[in-house]
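Undergrad: Here is how the chains run, residue by residue.
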Amino acid sequence: MLRSKPIELFCGTGGVGKTTLATSRALHLAHEGKRVLLITIDPAKRLKQILNLQDESKGEIQTVPLSIFDYFNENEKTFDALLMSPQTTLQKMDFEMSSAPGKTVFDNPIIQILSRPNGGMNEIMAIIEVQYQLSTNHYDTIILDTPPGKHFIDFLQSSLKIEHFFDKSFVEIFRFLGKRFTKKGEKESKGLLGLIVSTGVKKLLSYLEKVTGKEFVNVFVDAIAALYKNREHFLSAIKFEEKLGQISFSNWFLVTSVEQYKIDEASNFHQQAIEFMHNDSFLAINKCLRPYLEDWYPEDKDFSHVKTSMLNRENKIKDFAKVHFDKILDFPEVLGSSPTQHVSELATSWK
Amino acid sequence: MDLTATPQLIIITGKGGVGKTSVALALTKHLKENCRNVLYSSFDQLTNTNLCENLEIPFFEITPAESAQIYVGKKLGSKTIASWVMKTPFFKSLFNMIPGLGMVILMGHIIEKLEKDPTLTIILDSPSSGHALTMLESSHNFKEMFGSGLIVQDIERMHEFLYQKQLLKTYIVCLPTLMAANESLELRESFKLLEINRVELILNDLLHMAEEIKDKEEELPDFLKVKVNLEKEVEAEFINNFEHELPHLSVRNEIEMINKLKDLVGSLC
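If you read the protein sequences in the order shown, they are chains A and B. In the numbering used here, each number is its position in the first sequence, counted from 1, plus 539. In the numbering used here, each number is its position in the second sequence, counted from 1, plus 119.
Derived by calculation from the structure, the hints in this document are not laboratory data. We treat Cβ as the ideally placed atom computed from N, Cα and C, and that holds for glycine. It is possible that some hints are incorrect.
A few chain B residues that face chain A, going by a derived Cβ cut-off under 10 Å, partial list only [stated by the list, open to error]:
# : residue
1 : I332
2 : K335
3 : P340
4 : E352
5 : F357
When the alpha-carbon atoms are kept at most 30 Å apart in a straight line, the in silico BS3-like pairs for lysine-lysine are as follows [claimed, not checked]:
#  : chain 1 : residue 1 : chain 2 : residue 2
6  : A       : K631      : B       : K333
7  : B       : K346      : A       : K857
8  : B       : K379      : A       : K855
9  : B       : K262      : A       : K768
10 : B       : K335      : A       : K826
11 : B       : K346      : A       : K855
12 : B       : K379      : A       : K857
13 : A       : K826      : B       : K344
14 : B       : K206      : A       : K890
15 : B       : K333      : A       : K840
16 : B       : K333      : B       : K351
17 : B       : K335      : A       : K840
18 : A       : K768      : B       : K206
19 : A       : K631      : B       : K211
20 : A       : K778      : B       : K351
21 : A       : K855      : B       : K335
22 : B       : K351      : A       : K826
23 : A       : K857      : B       : K344
24 : B       : K344      : A       : K840
25 : A       : K840      : B       : K379
26 : A       : K826      : B       : K346
27 : B       : K333      : A       : K826
28 : A       : K840      : B       : K351
29 : A       : K855      : B       : K351
30 : A       : K890      : B       : K346
31 : A       : K782      : B       : K211
32 : A       : K840      : B       : K346
33 : A       : K782      : A       : K597
What the simulated footprint calls covered on chain B by chain A, stretch by stretch (three residues with Cβ under 8 Å from a Cβ of chain A suffice, anywhere in the stretch; the number is not a length) [claimed, not checked]:
#  : segment
34 : 265-279
35 : 291-302
36 : 345-351
37 : 363-374
If we strip away everything but chain A, and leave its shape as in the complex, we get:
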């Protein structure tokens, strides 16, 4: 049996069944008696459908009884699930703003808009949320269902971005906000480029103002200041990214599916992800038809063509897999219509 670790990541290109497989892992571990939290960062909200959660539950931890799954009729066991909501995560962080009574980071229109579900800050807020959940020590294992493809790399890079953002750009901004340093008489002596360099951010902001309007620049500076006041939360997320590379801390499952013609994409993805993951990782191949196909001996010419093309598809994935991974996990296609049935059957494959 596969040993569980504090963090387990399910990643891969889209539509391969990451969420279903991650949920089946949560179900399996909870069944074994572990305390499990399943977090989905996928904006497609598949977890919501599988577990039949309500939209209003976004950002709040939901307790899922194992009894909703077909083969796990145990009333007392549960696992926790969380649909990522950037807004809720932001609100959790927001206790550094007491200097302005009644005002929160959230009152800033820019932050408000960006932290909408499709505002584009999901990945960066997710890393903060995970770090927060880890610090509570409530769970033996936190399972992460990541957004598809390139967006997962974005997720991994977000901690680097955070560091970069607070490190470099804030030095610029606060140097400008802290004191004025444009001296008269300098303008004529320097070329345009030199002028921009010497006046730094003030000039940058004036460009921004030209393109975006003055009101925006004011709100923008406020938003930046609010983020800066809470920078400790952002910076603590960086520790998470460092830990992810440790074999004792994380299990990585790169998920792929035989339904896809995406060998190139999977291979590219793997190359990008490998700099973040350790070398003790798993490739999970989902929706395998091989067990069924190998028992099928069609006499009809058309049918054998169908069989060959389906097997061919699976073999290509396996050939790719063997080159890159020592540990390959096969999950058969589940021929059922209900999502809980899918999850239940897959959970038995983890044994």
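Dock chain B against the given chain A, drawing on the hints supplied.
TA: Coordinates of chain B only, in the frame set by chain A:
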């Protein structure tokens, strides 16, 4: 509202792995072979240029970073300043932290290209559903955020193109499972909230429509019969929701796939 106008921008979206790229490439190839002035774009993802070249599919590729630099350059009237501005850690981080901003500028770029050449059609192989919404919602978000200024004027021009002239058409591609079908309907509702109304659904990879299988379903082995029946249940339940259907194709590789598909996507538009 004129729903018959020839679309200049065709967005192909849906969950990952449902065949968006194949449909988008096949549609581009089909239109090209019918003498249309057409380009394929994979938006902010890397284009599989080898595949496009092999299939002689014309494409248009620009990264969000390049697009943003060109945009800033135009606004400030200097390419040098733009390249400098975009290289500062501050702006670099800003674009990294807020991918939506890059998406708006990239979308603006595509629309500008279409405005310059009214005969041109761009097939946009869009990011998967959730991120497609970020792509389309971002312009509204930034309009609200900026309030006024040059960006807002540009966004208004974008919106006029997308909404008033009805030159945008969107297809959601979906595999024949219950969950996928429900998700696609939800996505169409989200598009409606953004006032994107010309949205059609494509049920893809239908096994019972495969030329090797149709008329011979009875002879299939049990596991495939189960698959076919599950598909048909989905079809029956959503019969009024899906405008188009595409068969499962038994092929050896992507090239063969797109060459077969191009003859089937003609009915889409």
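Undergrad: Decide, hint by hint, whether the structure agrees.
TA: Results of checking the hints against the structure:
no. : hint                 : result
1   : I332                 : holds, 7 Å
2   : K335                 : holds, 7 Å
3   : P340                 : holds, 5 Å
4   : E352                 : holds, 7 Å
5   : F357                 : violated, 13 Å
6   : K631(A) with K333(B) : violated, 56 Å
7   : K346(B) with K857(A) : holds, 23 Å
8   : K379(B) with K855(A) : holds, 20 Å
9   : K262(B) with K768(A) : holds, 27 Å
10  : K335(B) with K826(A) : holds, 24 Å
11  : K346(B) with K855(A) : holds, 22 Å
12  : K379(B) with K857(A) : holds, 25 Å
13  : K826(A) with K344(B) : holds, 16 Å
14  : K206(B) with K890(A) : violated, 51 Å
15  : K333(B) with K840(A) : holds, 14 Å
16  : K333(B) with K351(B) : holds, 13 Å
17  : K335(B) with K840(A) : holds, 12 Å
18  : K768(A) with K206(B) : holds, 25 Å
19  : K631(A) with K211(B) : holds, 27 Å
20  : K778(A) with K351(B) : violated, 49 Å
21  : K855(A) with K335(B) : holds, 28 Å
22  : K351(B) with K826(A) : holds, 19 Å
23  : K857(A) with K344(B) : holds, 26 Å
24  : K344(B) with K840(A) : holds, 18 Å
25  : K840(A) with K379(B) : holds, 19 Å
26  : K826(A) with K346(B) : holds, 12 Å
27  : K333(B) with K826(A) : holds, 23 Å
28  : K840(A) with K351(B) : holds, 24 Å
29  : K855(A) with K351(B) : holds, 29 Å
30  : K890(A) with K346(B) : holds, 26 Å
31  : K782(A) with K211(B) : holds, 26 Å
32  : K840(A) with K346(B) : holds, 20 Å
33  : K782(A) with K597(A) : holds, 27 Å
34  : 265-279              : holds (count 7)
35  : 291-302              : holds (count 6)
36  : 345-351              : holds (count 3)
37  : 363-374              : holds (count 5)
Hints 5, 6, 14 and 20 from the list above are not met by this structure, while the remaining hints are.
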